[in-house]
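A.B. asks: The residues making up each chain are set out below.
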Amino acid sequence: MSSVKRWFVTTNHKDIGILYTITALFFLVLGGVLAMLMRVQLWSPGAGVLSAGAYNQAVSAHGLLMVFWFISPFAFGFANYLVPLQIGADDLAFPRLNAMSYWAYLFSGLLFIASFFQGGTFDGGWTMYAPLNLPTYMPNIGGTTVVLALIMFIAAVTMGSVNFLTTMYRMRAEGLRMRDLPMFSMSILLTVWMMLFAFAALLAALMILAAEHLFGVTYFSAEGGTLLWTHLFWFFGHPEVYIVFFPALGIMAECFQTFTGQRIVGRKWFVLAMVLVALQSFVVWMHHMFLTGINLEIKTLFMVTTIGISLPFDLMVFSLIYTMIKGRIRFTTPFLFSLGALILFIIGGITGVFLGAVVLDYEFRGTYWVVAHFHYVMVGGATGLFAGVYYWFPKMTGRMYDETLGKLHFALYFVGFNLLYFPLFVAWETPRRVFDYAPGLTSWHQVASIGGFVLGASFLVMFYNLFKSMAVGEEVGDNPWEYSTTAEWAVSSPPPLENFPGKPSYASGELSFRDEPELTADGSGDGKPVVSVSPRSDGGVASGASETSSGPRSDGGSVRTEGATAGGGTGLVGGTGTATPAAAGTATTHGEERHADHASFWPFVVCFAGFLTFLGVSGIRSGGVYPGLTAVGAVLSAVGFVGFANESFYVPEPTVAEQWPFGGVENMKLGMWTFLASDVVLFGGFVGSYLFLRVANGWMHWHHAFIPEAHVTFPGLVNTYLLLASSFAVVLSLVAAHRNSSRGVVASLTVTWLLGVGFLINKGMEWQHLFHISTEAFPNGWAVGTNVASSTFYLTTGLHGAHVIVGLVMLLYMIPRAWRGAYLDDDSSLEYFGLYWHFVDIVWLFLFPLFYIL
Amino acid sequence: MSRFKLYTGIFVVLMALSTTQALVERTGLVDFDAPGTYWTAFGVILALSFVKATFVATYYMHLRWEPRSVTYLFLGGLFVALALTTAAAYSIL
Ligand SMILES: [Cu+2]
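Top line first, the protein sequences correspond to chains P and W. Residue numbers for the first sequence follow the UniProt record's numbering, so the first one is 1 and each next one is one higher. Residue numbers for the second sequence follow the UniProt record's numbering, so the first one is 1 and each next one is one higher.
In short, the hints are calculated from the structure, not lab data. Computed from a predicted structure; not experimentally measured. Be aware that one or more of the hints could be misleading.
[Claimed, not checked] Computed beta-carbon distance windows for the label pairs:
1) F215(P) to A83(W): 52 to 58 Å
2) A83(W) to H704(P): 29 to 35 Å
3) T71(W) to S51(P): 52 to 58 Å
4) F601(P) to F79(W): 39 to 45 Å
5) M178(P) to T86(W): 26 to 32 Å
6) E647(P) to A83(W): 39 to 45 Å
Glycine is no exception: its CB is placed at the ideal position from the N, C-alpha and C atoms.
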């Protein structure tokens with residue numbers, strides 16, 4: 001396979017990790033250039049190099065690109081590369097989904113870039129506040145494209161979250177308990193949990209916003225609409241702070257352990273504090289809304305929860321400080337960046353408390369205090385990620401970076417950063433998002449601009465260092481760091497395609513590589529496994545590596561031969577093979593099956609098709625090339641999905657793995673449930689928006705003023721019957737498969753399909769009727785944009801209808817397969833489809849009363 | 001065989017409960033000019049929806065036969081959605 005082609009078809013987690021990292025760095029440069037433009041503009045008050053509109057675009061695009069397309073994907077580059085290695089898995093649970101996640105991320109970013117060329121990109125600030133985000137104030141097609149780009153980005157995030165959660169719960173090496181995950185993996189686990197729910201809420205907000213631009217619904221311009229946007233946005237936006245910061249925290253913890261030779265002090269409490277913060281992050285969002293019309297009691301409540309969230313962080317900070325005190329520090333580049341991140345985070349945290357207090361927030365909101373605080377926290381997080389670059393560079397490339405250049409990068413970075421952001425605290429009276437400011441603040445802004453360029457220049461040093469070292473850096477072995485303990489350091493650098501020589505196991509308390517069962521069964525298991533370090537399952541310091549640890553250190557290469565002969569060792573590869581892995585080079589069919597060629601071109605195709613479709617949709621109302629682009633994108637999407645579904649792609653599930661608390665739930669099923677959990681939040685966002693707007697407009701008034709007489713219960717009831725019957729039919733298909741009746745399966749799936757089509761026809765007739773009613777109150781019918789009630793009705797039930805359509809498309813794929821006898825031996829596909837279909841049914845069970853009866 | 005009977009029984013219950021919801025509307029309890037009866041009907045109708053949803057999730061989606069953790073995962077999503085809705089609606093009361 002040619003080396004260029006390889007990157008388009010790869011599904012290996014390490015390749016995808018590298019793709020993520022490089023792409024994220026590209027967006028860092030793009031966002032950084034925009035920031036430089038802003039700092040040039042701010043050199044003196046008043047007009048400068050940018051026009052007012054261009055400045056607004058630069059501010060908005062810088063914020064959105066850095067928050068979405070740089071920082072989290074950068075962290076997920078490391079997560080992709082390292083989490084499977086740290087937990088002892090061969091790959092992620094769904095390798096093609098992982099590739100798809102990457103391509104969706106890349107193409108969403110390209111969509112963003114395209115928006116610059118559509119008459120101007122989004123210019124309403126990264127918080128996208130309503131009503132500025134509405135088409136009235138943002139008529140550019142580019143503004144719509146950015147909303148669609150964000151939707152595509154969230155698709156990528158959701159695929160990633162589902163994949164990581166399934167992997168981390170189902171594919172850990174034997175003996176690796178959840179609580180013992182290495183710190184970085186632990187931080188990623190909590191991050192993806194937050195992502196799963198927070199991004200689903202943002203998705204709801206963005207889908208509504210896209211519908212405002214494309215279909216003319218009126219949510220955010222309605223009574224209470226601007227407040228609705230802030231609720232939806234900050235319900236995502238606050239957890240996002242921790243989504244961004246947690247991976248950095250994980251890297252910092254790893255680096256502190258490695259470079260002080262000291263296990264994190266109070267590790268258990270550290271982890272508990274992180275869990276607490278992750279939960280609490282969802283109940284503090286209204287601290288961004290102290291200046292809106294929400295009531296005083298709830299402001300006070302949210303002030304309390306906000307200040308409360310600093311307590312677990314205090315614990316983490318002290319734990320890191322004590323780790324340094326107790327250990328022996330070696331000031332390598334990764335450690336310097338970790339320490340720098342800690343210092344910046346402390347400053348960012350303290351200045352944040354000012355904003356969390358209602359009274360002070362009245363003074364500081366909308367000023368550069370917020371800008372400075374926010375950058376200390378977010379860029380502080382990025383600092384931790386750069387620690388990760390240096391820390392894992394030798395693992396990813398097999399070569400060492402240049403330590404002197406690394407330290408130079410840190411020095412320039414740290415000085416530049418503080419020169420840039422600290423003056424902004426002093427010049428806090430500068431109004432946020434505006435390029436004009438009081439002339440008395442000029443010198444502070446000039447210092448900041450100089451700092452900005454120093455910070456930017458520091459990256460030239462980094463890029464030079466990394467490029468040079470990749471080619472001529474000193475070659476390192478498996479483990480260049482003396483006290484590193486996590487499993488990625490136990491394999492060669494860079495790690496082999498299949499990650500581990502044999503099956504990793506922590507059953508003895510230390511990492512060992514258990515041989516393939518056949519090998520040990522015939523007594524030849526000695527010598528093969530190699531353990532170069534002896535990581536403990538919890539990523540603590542290796543036994544014997546520091547004076548504080550206890551316990552005798554067994555010889556590195558302990559092999560659990562006894563386990564292999566016992567039942568636990570059988571069936572690792574389906575128990576069919578007779579080939580010995582030692583002879584893997586002879587490539588028996590067995591071996592090929594095990595390390596199946598996971599390359600797939602379809603993730604790229606599907607996401608490219610998505611890119612075309614979204615680009616087309618962005619301007620579909622303005623004609624030109626856009627409808628054509630949409631059509632081409634739609635056709636290519638269809639081709640892509642069919643190709644994707646028809647490709648045989650075999651991923652063995654580990655038979656010996658820790659799977660608490662999801663033992664007995666196959667990967668696919670757990671993935672489906674995880675996806676559905678996020679879908680609950682998506683629908684929750686839509687239904688919640690409806691309820692919120694209805695409360696804002698007067699619950700009873702809503703019915704009297706906005707709903708036509710013709711909107712009656714009966715069509716909804718019919719649809720309820722149809723959906724319930726279709727659910728029953730899906731269940732019957734399982735019964736039929738159980739009875740080995742191929743005709744039964746086909747019949748029940750066909751009935752499901754017909755009932756679903758009936759549902760859509762009934763809904764279509766109802767909508768047609770409502771669109772065209774002509775009454776005194778609604779002389780022009782009750783259309784999508786007639787009022788807030790019609791908007792919420794059509795959009796929410798429309799989203800549900802779209803779910804039905806997706807289900808029907810899946811059935812069109814499944815029915816012919818059932819006809820050819822599929823699903824009789826293995827009915828799991830029927831079950832997974834059923835989970836989706838029943839969920840759509842459940843949603844309707846609530847939409848029916850809320851939109852038809854009450 | 002027994003599963004088939006169980007599924008059928010549940011289907012009948014689900015259809016009956018849906019009909020009940022519509023009947024509650026027909027009895028005039030859902031009167032937008034009489035808050036007293038309206039909110040009673042509101043409670044009854046939504047409670048019925050929750051009962052139906054529980055039946056579908058428990059039996060048709062087999063939650064009953066999965067580890068409890070899967071239910072918690074689903075309830076976690078529901079809890080997040082409810083927390084957002086309730087707090088947001090409360091903030092403007
Ligand atoms: Cu916040």
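A.B. asks: Would you mind marking each hint as holding or not holding in the structure?
C.D. replies: Cross-check of the supplied hints:
1. F215(P) to A83(W): 52 to 58 Å: violated (29 Å)
2. A83(W) to H704(P): 29 to 35 Å: holds (30 Å)
3. T71(W) to S51(P): 52 to 58 Å: Holds, at about 56 Å.
4. F601(P) to F79(W): 39 to 45 Å: Holds - the Cβ-Cβ distance for F601(P) and F79(W), about 40 Å, lies within 39 to 45 Å.
5. M178(P) to T86(W): 26 to 32 Å: Holds, at about 30 Å.
6. E647(P) to A83(W): 39 to 45 Å: holds (41 Å)
This entry does not satisfy hint 1, going by the numbered hints stated previously; all others are met.
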